[in-house]
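Number of protein chains: 2
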Amino acid sequence: MISDLNQSLQTFLDELASAEPAPGGGSVAALSGALGASLVAMVCRLTIGKKGYEAVGAEMRAILPRAEALRRELADLMQADTDAYTRVMNAYKLPKSTSDEQTARTRAIQAALQHASDVPLRVAEACGQILELARVVAIGGNKNAASDGGVGALMAEAGLRGAAFNVTINLSSIKDEAFVADRHARVAKLVADADRAKCEILSIVEKGSV
Amino acid sequence: MISDLNQSLQTFLDELASAEPAPGGGSVAALSGALGASLVAMVCRLTIGKKGYEAVGAEMRAILPRAEALRRELADLMQADTDAYTRVMNAYKLPKSTSDEQTARTRAIQAALQHASDVPLRVAEACGQILELARVVAIGGNKNAASDGGVGALMAEAGLRGAAFNVTINLSSIKDEAFVADRHARVAKLVADADRAKCEILSIVEKGSV
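Chains A and U, in that order, give the protein sequences.
For the first sequence, the residue numbers in my numbering are 1 to 210.
For the second sequence, the residue numbers in my numbering are 1 to 210.
What the hints contain is simulated information worked out from the structure, not anything from laboratory work.
The hints are all genuine.
Since the list gives no way to pick out one identical chain from another, each pair is judged satisfied if it fits inside one copy or across any two copies.
Straight line, CA to CA, 25 Å or less: simulated DSS-like cross-link-like pairs of lysine-lysine: (1) Lys96 to Lys175; (2) Lys50 to Lys143; (3) Lys93 to Lys175.
Based on the provided sequences and hints, a complete structural model is requested.
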């Protein structure tokens with residue numbers, strides 16, 4: 001049930017593959033974004049101060065701390081996603097013998113589900129922001145690291161799409177129609193923008209690398 | 001320069017984001033595949049022996065060891081990708097004062113580049129195999145874990161596409177035209193098949209989850 005960053009890659013993969021439902025796709029989506037942010041940061045570092053890239057130095061220096069901040073946030077969201085899942089499970093276990101208990105339980109479940117859809121929504125937003133940085137890096141970054149930036153974009157887009165799944169699934173059990181409509185619209189826009197950004201970035205990287 | 005599985009997630013992300021070129025996109029592509037394989041294995045485990053899924057039990061039991069084998073192979077390929085990069089770098093550092101040295105160096109570089117393109121090619125093939133398993137899991141697996149299978153498919157496809165970048169980049173410096181043509185054709189087929197498989201799987205998952 002843990003997905004903290006101090007565990008080894010092996011342990012994380014083992015826990016993921018286990019019959020425990022968490023960590024699951026939600027944590028992997030956040031990790032995918034963190035991997036994308038790390039690759040964007042790497043390309044920035046391989047560009048800053050390098051001969052032939054003086055003109056983009058300031059731009060890369062501005063992007064680097066943004067990529068690092070998104071990496072940290074997504075690492076935190078890996079754990080937050082697992083915690084949100086636990087909160088939903090715990091809410092379903094609340095007593096429901098009396099009418100008061102039923103009301104309290106329903107309220108707790110609905111609040112937990114809203115939280116469990118807002119965590120992956122934030123993952124998706126952060127992945128969208130990484131794609132914006134990946135685009136700048138693909139255009140101006142060190143050409144020797146172009147494929148690393150491309151893989152970064154792939155990871156950010158996969159993370160965004162995976163997070164979108166997790167938003168949608170939780171929305172299917174949420175009763176607040178205005179909340180559901182708002183989140184559906186936000187996710188649809190994020191997915192469409194990300195798909196477009198990914199295609200543009202891959203096209204830039206492929207042109208540069210062949 | 002290490003990408004072994006005993007290091008923590010935090011250390012891996014830190015090394016990835018550092019100015020060292022390895023680990024980079026190649027290792028992340030293999031990790032992405034391993035994450036996909038883990039999620040496929042998880043959905044198998046959440047389906048086997050579960051009420052209502054008796055009819056697919058045998059199928060899921062057959063898929064599980066294949067997903068686990070691909071996960072182990074991709075974990076090994078993370079390290080192999082970093083090693084292959086180091087081998088190329090070392091070949092470029094060979095002496096080139098005499099004609100004999102130049103010939104030996106060129107031969108070493110070409111052999112290292114072929115190896116460095118065959119490692120990500122195998123990553124791409126393994127990711128393609130995970131997508132085949134993810135499709136079976138999306139169709140017959142536990143519906144409560146449908147999004148986990150969907151994220152698994154996303155990770156496998158992103159890993160395949162990322163590995164394809166790394167094949168292509170190495171091919172651009174390889175002189176053996178037959179080798180280059182063969183690998184370009186293989187990669188193009190893998191990318192096209194994966195894109196189709198991913199779209200089909202996401203469509204199945206989205207229909208089931210909304």
